[in-house]
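Asker: Here is how the chains run, residue by residue.
There are 2 protein chains.
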Amino acid sequence: MARSACPVLSSLGPVALDRAGAEPLHRQLYRALRQAVLDGRLRPGERLPPSRTLAADWGLSRNTVVTAYDTLLAEGYVTGQVGAGTFVAASLPDAVPGGGAARDEARRGVGLSARGRALAEAPAIARDRVGRPFALGTPDLAVFPFALWAQLLGRCWRHGGRALATEPDPLGYAPLRAEIAAYLRAVRAVRCEPEQVVIVSGAQQGLALMAQLLLDPGDEAWVEEPGWPGNRAALLGAGARLVPVPVDGEGIDVAAGMARGAGARLALVTPSHQFPLGVTMSLARRLRLLDWAAARDAWIVEDDYDSEFRYAGPPLAALQGLDGAGRVIYVGSFSKVMFPALRLGYVVVPPDLVEPVRAARRHFDGGTSVVPQAALHRFLADGHFASHLRAMRSLYAVKRTAILASVADAFAGFATTEAGEAGMHILLRLPPDCPDHVLAGHAARVGLTTPPLSTYYRAADGGSAGNGLLLGFAAHDPAALDRAVRDLARLAAEMPKG
Amino acid sequence: MARSACPVLSSLGPVALDRAGAEPLHRQLYRALRQAVLDGRLRPGERLPPSRTLAADWGLSRNTVVTAYDTLLAEGYVTGQVGAGTFVAASLPDAVPGGGAARDEARRGVGLSARGRALAEAPAIARDRVGRPFALGTPDLAVFPFALWAQLLGRCWRHGGRALATEPDPLGYAPLRAEIAAYLRAVRAVRCEPEQVVIVSGAQQGLALMAQLLLDPGDEAWVEEPGWPGNRAALLGAGARLVPVPVDGEGIDVAAGMARGAGARLALVTPSHQFPLGVTMSLARRLRLLDWAAARDAWIVEDDYDSEFRYAGPPLAALQGLDGAGRVIYVGSFSKVMFPALRLGYVVVPPDLVEPVRAARRHFDGGTSVVPQAALHRFLADGHFASHLRAMRSLYAVKRTAILASVADAFAGFATTEAGEAGMHILLRLPPDCPDHVLAGHAARVGLTTPPLSTYYRAADGGSAGNGLLLGFAAHDPAALDRAVRDLARLAAEMPKG
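Keeping their order, the protein sequence lines are chains L and X.
The opening residue of the first sequence carries number 1 in the working numbering; numbering runs sequentially from there.
The opening residue of the second sequence carries number 1001 in the working numbering; numbering runs sequentially from there.
I should point out that these hints are in silico values taken from the structure, not numbers from a laboratory.
Wrong hints could be hidden among the right ones.
Claimed, not checked - Computed far set for chain X versus chain L, every beta-carbon distance over 10 Å:
1. 1084
2. 1265
3. 1375
4. 1487
To be verified - Pair by pair, the computed Cβ-Cβ distance ranges are:
5. 194/L with 1389/X: 36 to 42 Å
6. 142/L with 1155/X: 29 to 35 Å
7. 147/L with 1145/X: 19 to 25 Å
8. 1145/X with 421/L: 46 to 52 Å
9. 1047/X with 394/L: 56 to 62 Å
10. 1384/X with 50/L: 51 to 57 Å
11. 1384/X with 414/L: 57 to 63 Å
As the structure is a prediction and not an experimental result, all values here were calculated from the model.
For every residue, glycine included, the Cβ atom is placed at its ideal position computed from N, Cα and C.
With the sequences and hints as input, model every part of the structure.
Answerer: If you want it as structure tokens, here you go:
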């Protein structure tokens, strides 16, 4: 391995690039610069040298430098406009896998536990910048009935305040649990009693809570490859060893899981609408997965993160409804149907787990505030949820049709889309000579958030990663989406290839 | 050891009592019956045999059986009225240390992780039945301004809804963090910037979060002896080994802590108003504790659970304000000043921990709902919090004076009180021939909740445990408190001694 120390960027110090190594130089440069930002060697607001200068100084091709800069831009470590220079971001992005890992060294000095370090260093949950096309998982807040919501909140507390205010059940507000059970039974064919429904502060808490309760450090857990980093972080927080299991056209490949992680205690899956590929798990695969769990006394966590938005095909039953052995834990969220800051979700657990969850919950946080729960209960019980959901589904169906048409037109002959039949995003598959993180970098420069598919693979660099962009469509109107799609297509066409 | 199997109680099966052992027979019987309830061998609603019958059948003194029954009654495992028989409780109490440990066997079969079992089996947080005298930590909800609260909730969402609804910061709603920082600086002499304030779903989540972040399994942590089981459970949930450190008239005995747990990574203390003894930690002891933490790079978690209610003496600065080394984490809650179901608290962390907490928080739950936060922000910012607090402080001062007078009169020459100068309960010290759990059992029978002091000691049976009852006074008016105190005194006087 020929390592050379490049003595550039006054504040940066020497950077070692392995010119003979397997990792592309642009990737090495990206990592070195990112680390410098995280370490504080490159300070917020500091200007990076023009790509031409850096390339000349370091003996690199300009393309290498541009690609590295674009990746940093896509992930929010730097900001910049075409022609105006590239600057270290004023505040590090929430949005970035690894962005929470800032100042590793400082933290080690601070005295975190090993677990605390793992938590701080686990891939952060990508929360894409709100307000930009094509941020993921952001609902269209313009049509949420906030006045009604305000009214319900007021009504709950004006009259029933004292009864609501007393010591809460750590498992949640009973009337809300009953409404959710009824809804899930009717709409998702989940088999449950209200007692099995646990109210949590968002699906993330549900996953973390179940991981803590069911996994010990070192236990293996299957995760979908590709998959959502937030889900993985919840398992990593419990010390689990993640076994990435490939997803094909039928969902998670159970046979591959058994080959790679035979002793796994848990499988975390998105059967209704796989994230990010959009595949629906086939019935055969569902039964196989359930058989595996029953035979091994393993757990299946079903993350049904956006199945409310289904645009075609028959309504799809949850995996949980097929489970005869009590091995499935069903997790859902109100963030996407209601609004993100509500932070209410639910976990449906097998009856045997109700009391252990109550005990664990008491130790972790004593339960979720009754304030949002009581209003959400009224929102469901009075039928507002059903009508809001219907309205959003129609609205998103229109947007989805529009973005698919825009993409088909703007990317004709260049890229293809995969949309599944549900959800709030589509997947744009790119040809190999148009690497997703590079195009995402260019897109970030013009104000577009386009999470690269490759970042959802665990082996960040491997050749097996998919190449594409996720385009969330829920938060913008068709005209804005069309403009953004055309901007993106132009950037793709202008990209230096090879 | 002479063990005899007593073949009684049809549904109970044989019970082994060690008649020659060190543990009193009433205690053994209590544990055996409790286990039978937890196992489901004694079913909810099932009637226990009259104490006279059981005593005759098992060859025990009747006093032994009555004492065991009374302990079960005090802890909520059974219900009963004098003369009407004793029945297994319809639902197991939330209220009971160990109550969450039901059905250990079933759980082991269920497939919990070792950590999950520890969580499920850790002493539950005693939540005393609301509505009874002398339940602990329950504010007087009759005077909370619910109409105003309803108005603020409505106002937040009617106009600013869309801005509030977007992706929340996992550390909390920024305007609320700023208000809390200003309040803590002014009133508690906490040294902090708004960025250091982390909003949590109650102090319990704050403790659990910090324990996960700062402690690894097996790490030693000092806890006050006696102390609050909920605090301990948060540390146990992180796998900590608890080192009980005695509390004397100056607070936690730092020298004893250094002798018993020299390598501890963390000390969890209640300096303003020790729970349950009510002691204020002396300045000398505070400085000694801070020196220890600074020298060992250990953490101090300051649980300032009820310091808002201080009735005499100068306002007391928080330990955190004396900390020059950035080792103190300050935890507070709004449950007691506002209402329990609000479930909002805060943690003030040293600047170095802000980003690790943000990362950890993202994995655990992604943050607390903005719905209660926004309304609480207005409640603080518009001055309602300050005036509510003043009103509650005056009200509780009156109640406290009243209960102290009632106790002084009703227990004259028999028991003494320790009240400290703050908080929402007083401590009634009992003479040795009036064991606290026995009197608490009698009290439960007449509808009084009087947590026995001995249950807050870690070594549940040891001779070192204190003997007394905690009497919460905040939720009831002076007349009701006086009646309850006189009932309690009569029960104490009627108790068979010895």
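Asker: Indicate, hint by hint, whether the structure satisfies it.
Answerer: Hint by hint, here is what the structure shows:
Residue-level check passed: residue 1084/X sits 27 Å from the nearest beta carbon of chain L, beyond 10 Å. With a least beta-carbon separation of about 8 Å from chain L, residue 1265/X fails to lie farther than 10 Å from that chain, contradicting its non-interface assignment. Against the 10 Å criterion, residue 1375/X falls within the reach of chain L, whose nearest CB is about 7 Å from its own CB. With a least CB separation of 24 Å from chain L, residue 1487/X remains clear of the 10 Å interface cut-off, as annotated.
Checked against the given bound of 36 to 42 Å, the beta carbons of residue 194/L and residue 1389/X, roughly 37 Å apart, stay inside it. Take residue 142/L and residue 1155/X: their Cβ atoms lie about 21 Å apart, and the range 29 to 35 Å is violated. Against the hinted window of 19 to 25 Å, the Cβ-Cβ separation of residue 147/L and residue 1145/X comes to about 23 Å, which satisfies the hint. Remark: the range hint 46 to 52 Å for residue 1145/X to residue 421/L is upheld by a beta-carbon distance near 50 Å.
The hinted range of 56 to 62 Å is satisfied by residue 1047/X and residue 394/L, whose Cβ atoms lie roughly 59 Å apart. For residue 1384/X and residue 50/L, the Cβ-Cβ distance of about 55 Å falls inside the hinted range of 51 to 57 Å, so the restraint holds. At about 60 Å, the CB distance of residue 1384/X to residue 414/L agrees with the hint of 57 to 63 Å.
Consistency with the previously given hints fails for numbers 2, 3, 6, ordered from lowest to highest.
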